[in-house]
Each structure stands twice: as structure tokens, then as C-alpha cells.
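A.B. asks: Which chain is which? The protein sequence lines are R and Z, in order.
Going by our numbering, the first residue of the first sequence is number 16, and it counts up by one from there.
Going by our numbering, the first residue of the second sequence is number -4, and it counts up by one from there.
Think of the hints as simulated: they come from the structure by calculation, not from any bench.
Heads up, a few of these hints could be off.
[Said to hold, decoys possible] One side only, chain R facing chain Z, incomplete, derived with CB under 7 Å: (1) TRP140; (2) VAL177; (3) ALA179; (4) GLY180; (5) GLU194; (6) ALA291; (7) ARG361; (8) ILE506; (9) PRO511.
The beta carbon of each residue, even a glycine, is placed where N, CA and C say it ideally should be.
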Amino acid sequence: MTENVVTIANPLSRFGGEQRVARHRPWPRVVVDRHGWNQAAAQLVAGELCLLGLWGDVDSVHMALHDPREASFAVLSLRCPERRYPSIGLRHPAALRLERTLVDMYDLIPEGLPDSRPWLDHGRWPVSHPLAAAEPNAGGGRPYAFLANDGHSLHQIPVGPVHAGIIEPGHFRITANGEIVVRLEARLGYAHKGVERLMMGADLVHASKLAGRVSGDSTVAYALAFAQAVESASVAVVPARALWLRALMAELERIGNHFGDIGAVCNDAGFGLMQAHCAVLRERVLRASAITFGHRQMRDGVVPGGVAVDIDASGDAAVRALIAEVRLRFPALIELYDSTASLQDRMVGTGILDSGLARSFAAGGYVGRASGRNFDARRVPGYAPYDGLRFSVPVRQVGDVNDRVWIRIEEVEQSLGLIEQILDGLPVGPVRITVPAVAEVCEGIALVEGFRGDVLVWVRLAADGRVARCHLRDPSWFQWPLLEAAIDGNIVADFPLCNKSFNCSYSGHDL
Amino acid sequence: MALIYALMVQAMQMVLVLALAPLLTGLVRKTKSRLLRRQGPPLLQPYRDLLRLSRKEVVLADNASWLFRVAPYLIFAATWVAASLVPTFAAGLMFNWAADLIAIIALLGSARFFLALSGMDIGTSFGGIGSSREVMIASLAEPAMLMIVFTVALIAGSTQLSTVSAFLAGADVGMRISLALALVALIMVALAENARIPVDNPTSHLELTMVHEAMVLEYSGRHLAMIEFGGSLKLLLYVSLIASVFVPWGIAGGVATPIEYAFGILTYLLKLTLFGLLLALFETVIAKMRVFRVSQFLGAALMLGLLGTLLLFVSRSL
Chain R
16 MTENVVTIAN
26 PLSRFGGEQR
36 VARHRPWPRV
46 VVDRHGWNQA
56 AAQLVAGELC
66 LLGLWGDVDS
76 VHMALHDPRE
86 ASFAVLSLRC
96 PERRYPSIGL
106 RHPAALRLER
116 TLVDMYDLIP
126 EGLPDSRPWL
136 DHGRWPVSHP
146 LAAAEPNAGG
156 GRPYAFLAND
166 GHSLHQIPVG
176 PVHAGIIEPG
186 HFRITANGEI
196 VVRLEARLGY
206 AHKGVERLMM
216 GADLVHASKL
226 AGRVSGDSTV
236 AYALAFAQAV
246 ESASVAVVPA
256 RALWLRALMA
266 ELERIGNHFG
276 DIGAVCNDAG
286 FGLMQAHCAV
296 LRERVLRASA
306 ITFGHRQMRD
316 GVVPGGVAVD
326 IDASGDAAVR
336 ALIAEVRLRF
346 PALIELYDST
356 ASLQDRMVGT
366 GILDSGLARS
376 FAAGGYVGRA
386 SGRNFDARRV
396 PGYAPYDGLR
406 FSVPVRQVGD
416 VNDRVWIRIE
426 EVEQSLGLIE
436 QILDGLPVGP
446 VRITVPAVAE
456 VCEGIALVEG
466 FRGDVLVWVR
476 LAADGRVARC
486 HLRDPSWFQW
496 PLLEAAIDGN
506 IVADFPLCNK
516 SFNCSYSGHD
526 L
Chain Z
-4 MALIYALMVQ
6 AMQMVLVLAL
16 APLLTGLVRK
26 TKSRLLRRQG
36 PPLLQPYRDL
46 LRLSRKEVVL
56 ADNASWLFRV
66 APYLIFAATW
76 VAASLVPTFA
86 AGLMFNWAAD
96 LIAIIALLGS
106 ARFFLALSGM
116 DIGTSFGGIG
126 SSREVMIASL
136 AEPAMLMIVF
146 TVALIAGSTQ
156 LSTVSAFLAG
166 ADVGMRISLA
176 LALVALIMVA
186 LAENARIPVD
196 NPTSHLELTM
206 VHEAMVLEYS
216 GRHLAMIEFG
226 GSLKLLLYVS
236 LIASVFVPWG
246 IAGGVATPIE
256 YAFGILTYLL
266 KLTLFGLLLA
276 LFETVIAKMR
286 VFRVSQFLGA
296 ALMLGLLGTL
306 LLFVSRSL
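Let's have the full structure, built from the sequences with the hints guiding it.
C.D. replies: Next up, the structure:
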């Protein structure tokens, strides 16, 4: 699956790189100097490049980049022994929270970043900078200064981190003028689990389980991205049947989550009827997954080297029955959604996300595609078996709640077609190989399309085959800030609706 | 003897509304659940909830004032009195001289006043949001309600509910457009007043979208039980009001025999069931509207009420 990947043309010359790092696959990783780093920042600001990730290392920072015109990818690394590097976030806001996290986790200081507030670290962890020196910390907590809002008759509404419904923890500070939202500021980090720290030194079996537990609703996507990164690093050739089964799991996960979201968005508009019916469909997906792969969410189904479970005749029948039922029931639900005037009144024109912002933040998934950003990791960089399957990537232009629901509806339809193609064309053969032993340190990176957007996983394997370092970047990193932009000028009561239409991950983001 | 009989009937009415109010709430919840393909809570669940709440300890915020503790009882009392005045199974009861439409609106208005105050008492932002939205809704719903009352009073020649009910049950009313307008307007107002979809969502868990629930977020224990009971009574009151004015048939009038009263109770139960089912159905097929649309919704109710009143001045037969 590494053959057909296009890489950023000659990144060495483009960013004045000093050297290309050996054994980093499939994208090239080049070590650049400050000039090259700043040059990349300028191209990010100009919109020529998309930022896919920014993470730290022992004494360097890495930045994953995507050139949408060339459909190419590369990783830039900057050595910073003094633990300081030129800030990207200063000019390119998408990197802002990632850089604040770099301070929390690695003690790597972005030069010139005006926002010096910690992001994930609330001062309550037993250690500071867990991925670097890991100094002990008393853990008393720190006050957090929210952005100032001056103006006549503005008032603040604090929401969370504990909510009335059963959702993940996160704090939202809404500044409103009456009912109109003037500013929304999120504070996240409550669901931090220290996954990247736990990854250090873990063997592949344990590390794969950890990856699958970063965000429960995207367990297949995360396990798949981790497996792909490990397989790229160790140059493993995974059997074709395993690749197809992985895609089957990924598509089942996608439609299950989309059903849940479509219903939940409507329920937040006080229209429980859609949710009642969508919940039934979601339950059918989960049951079919349980019959086919032995677990409702297919957790630990994808492992480095292949898949843990093969599909049998009963699984094939269960998934085909599921497809038939969804094909039968879903059109009526779409019709109900589209023809209920009171529901449409809430959806259309609410929480519009500007397409320029979506492009600049490289927002993945339905958030980006509802605002005109045509990107799907299954197409670019693309991975097997999707290169041999027929599907289209729906894109819409308005960027309101309605468009984000419609993208989900259209993706469900595409995924149904994909599942049928997978079941019909499933190759025979083994479903798992042992990951070949690595003789020396090697690195791998993978970009996988989860239901929420593109999941990025970068891994460095030590010479003994264990994970030396691993970085997992949730699509929500580039979606949470956009929610704050989309809600501007809407009414307070529409925040839950906008939030649900984004449905960003707390757990995946807080890691 | 006649006095004791009249007193008993009046007492029966007061107990009846108390006994039936949670059942109506339970019926609406159950029906809605069934329409959403869910099993739903048992019909009697609201009674159990009230019992459970009344046994639980009360958790009070440190800065809660005496008003916060008194308000639930005031709200409950005002709503109960108002609900007892509306003719349910019988008109012409002992206290019916007080059953004036405007008095009932005033009683409900005072209950709302205390609820909005207690919502702001603790000083949380959600209580404040709830109170401000509630008062906005009230400022639109009450004028509409008054217009509806004027329409009905102009036709019946009285604001006394017993008189209105008896007059409209008579044969010489006929089909009147102004009454139809008033009915539509009254249903709209009733939905808004009882915090039902599309104005408010009684089952929502989203703090930011709540109106009624946001005001009572800080209440617990017996205080919450009083407020919940008051809410159920208010729903029963509006259903009874619509039933007594627009479908007054079956209501026993004046001093009646026990059999007539029994018949009155039977028809009343039928009416409650019918309205409960219709409410659940309506709430299922419609989404909640944006907060700012409420003004248009209630503005329409006000216009309908106004139109109904105007028609009566233009023509005696409309």
C-alpha cells in the first residue's frame, strides 16, 4: 500500500532541507533549518499547504504537511536542542492549540506565540511535561484566564465540564449579548488519559489496544491508522483479504456513527422522531458488527499485520441483511428529515462555517466537506482497497448544520455501496501475518479516514520492535476551533445544535 | 344539607384535579414514548416521582433566600386554586362565583412571577436565561390570552366560566368563526404556557435550550415535587379550560344529582384522554422552534384573538 503514495515533490529543495531521514515511510521526512521551517509556515498562511499535524520529539518538532494541488505529503522536522522553535501558530491559527500542547507535553516553546496559556495540562497531573522530562508536579490546579470580552451588556454563560446529558466533559465559556453569542471559547483536556506516554515502550499488541481506545467511537479508524503506520515502518505486506475486511469494519463504523449523529442532531432540535428511528438503525449496525466481528464497536478487530477476526457465512449474511434493511428504511427517514418544515427551519442557515476557514484549518470529515473542502483520506493519499472500489465523496458549499447532516446522509449511501462491493469482491486468503521484526529504528505515518475525518498516526519503532514514540492526531484538533467560529452571531439556544452537528471528539482530542 | 352537598361537590372537584394531574402528564409521556417506538414509563410514574421527590432531602444553594424556599408552595397553591376554579365535570359549583377567566389568568400570572423570581434567586446563569426567556414568552402569551378571553366573554356576555360554559353548551350558539379563531389561539397559548414543543422541550437535557427547566434546575426534593406538581396541574388546567369552553358537553350544571356528576366525570376523563393523545401526537411530529420565533408564534395567537374580538364588533353572528 506504500507504492502509490505521491510525496511532496522534492521537499529537500523546496524547504532547503539538510537531509532526508532514512527509514521514514511512506512519506518523506526531511530535517530543515529555521529558514525552511518559516518558509513552510509562509506557505501554510498562503494556503498552498495544509497542516496535518504538529508534534514533538526528544529534541525536535515535526510537522506533517499536505500539498492539495500536487496531492502530496511530507513531514518536516526542526531540531531544537534549546527547546525553542519558531511558532507556526503565530501566523497560522490552526497550529495554535497544537503548539500550546507542545509546551504542556514536551516543554517545547514556540517563539513569539502570544498565547502562553497551557492547553491540555490543567496543572492537575502528577507530572509536568510527561513526554519530556516528566518532572513531578504537586497537582493543585491552576486558574485559567479566558479571553477578555469588553462591551456593553455582555454576560458570560459557563457550561460544563459536567453536562446535564451523557456526553464527554468539556467546558464552554459563552459570552452573549442577550441571546446572541458574541464569543465562544472552549476549554478541553478533561478527558486526558496520557495515551502517548503509555505508548512509549509498549509492545505492538498493547500499543494497538491503546490506539483503539483513544476515541471509543472511532476505535476502528484509530486501530487502522496505527496498524498502517506500523506496517509502513516495518515494511510489512498485509494480505489483501485483511485490507478488505479492515475497510468493511471502517465503513460499518462510519454508518453506525452517522446514524447516531443524524438522529442526535434532530433530537437537539426537539425532534425526537428522527432519533428514535436512527437509533434503531444504529443498533442494527452494532448488532451486525457483533455477529460479524465479535464486538459491537469492532474494538481490537484491526491489528498490526492484518485483522483479528475473519468473516464467516453468518457474518456475510448479517451484513447483507443490514444493508437490505437500511436500504428499505433509510429513504423514508431522509424524506421525513427533508419534509419537516419545523425541523428544516432550525437546520438551514444555522451555524454557518466559512469555507475559507475550513480550508485554512484543513478541516476534515463532514465539517470540511460541508464547507466546500474536497478532501477524503480514502482518496488522497488513498489506501487499499479503496483504490479499487467505486465511491464518490460528497461535497457541499453552504456549511450550515443542514449541510453537515446532508454530508452524513450522502456518506451513508456511499458506504452502503462500498460494503456491498467489499462483500462481493472479498479476496480469499489469510487475514493476518506477523509483523516482521525490525533491525533498527524506523518510522511510519498513516492518514486514515474515520467517520469524523482524517486520523493521523505517526509511530517510531525501536530496534527491539517496541513503540519508541507515537503521536495520534484526532480530526477534532482542526474542528473544535471552527465550532467557535461557526457559532458566532447565532443564538445561545442553537449552540447544542451546532455542537452536535460538529460532534467533535473530546477523548480523541484530549488524548 | 344542601350546603354540605355543595361543599362536598366542590371538595371533590379540588381533589379530582389534584388526583388527575399527574395521570395526564403520565399519559402524554407514555403516548409520546410509544409514538417514538419506545416502551415509555408506566402511566403512574409521575405519582411515584412526586412521592420520591417529597421524601428526598432538599439541597439548597448557600445563597438561596427565603423566597427560593417559599416560591414552590406559592406556585403550587396558586395553580391549584386556579385549576379548581375551572369547570371540569360540573359547572355552577359553590365557589364558581370566583371562577372568573381574568382571575384565573391573574393566578397563573402570579405563579409565573414567583417562578421567574426564584429562577434568578440563586444567581446561576441558566436560571437567569430561563427567567428571561419565560418572561419574554409571558409578555406575549398573556395579551393573547386576554384577547381570547374577550372573544369568549363577548359571545357569552360574561367572564364567569360557569356562565360561559353553560351558554356555549346551549343550542343557540351555532358555528362562530370568532370562536374557532379563539380556539386556535388558545391552543397556541396553552402550548407556550405549559412549556411544550414547539416553544420549549419538557424532556430536553440541553441546559442552553431550556426555558421552564432552566428556571427550576436548582430545585430539589419536596420543592421540586411542588413545582412538578404545579406544572402537571397547569397542563390539566389548560386542557380543562379548552374543554369547558369549546367542548362543554357533558358538564353537569347547577345543583345536579350524583348520576349527572358521574356522567360529568366520565365525559371529562374522555376529554382529558383525547387532548392528552393529541398533544403527544403534535409534539412528536414537530421540532422545537428557535427562541426568537416564539414571538412570531405567539404574535399569531394574539392576532387571532384580536381578530376574533373584532369580528364580534363587526357582526353579531360571526
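A.B. asks: Hint by hint, say whether it matches the structure.
C.D. replies: Here's how the hints hold up against the structure:
1. Because the beta carbon of R/TRP140 sits about 29 Å from the nearest beta carbon in chain Z, more than 7 Å, this interface hint is broken.
2. With a least beta-carbon distance of about 11 Å to chain Z, the hint placing R/VAL177 at the interface is violated under the 7 Å criterion.
3. Given the 7 Å rule on beta carbons, the hint for R/ALA179 holds: about 5 Å separates it from the nearest Cβ of chain Z.
4. The beta carbon of R/GLY180 comes within 4 Å of a beta carbon in chain Z, closer than 7 Å, and the hint placing it at the interface holds.
5. Checking R/GLU194 against chain Z: minimum C-beta separation of about 6 Å stays under 7 Å; hint holds.
6. Of the supplied interface hints, the one on R/ALA291 holds, with its beta-carbon coming within about 4 Å of a beta-carbon of chain Z, less than 7 Å.
7. The interface hint given for R/ARG361 holds, since its Cβ lies 6 Å from the closest Cβ of chain Z, which is under the 7 Å cut-off.
8. Because the smallest distance between the Cβ of R/ILE506 and any Cβ of chain Z comes to about 6 Å, under 7 Å, the interface hint for this residue holds.
9. Given the 7 Å rule on beta carbons, the hint for R/PRO511 holds: about 4 Å separates it from the nearest Cβ of chain Z.
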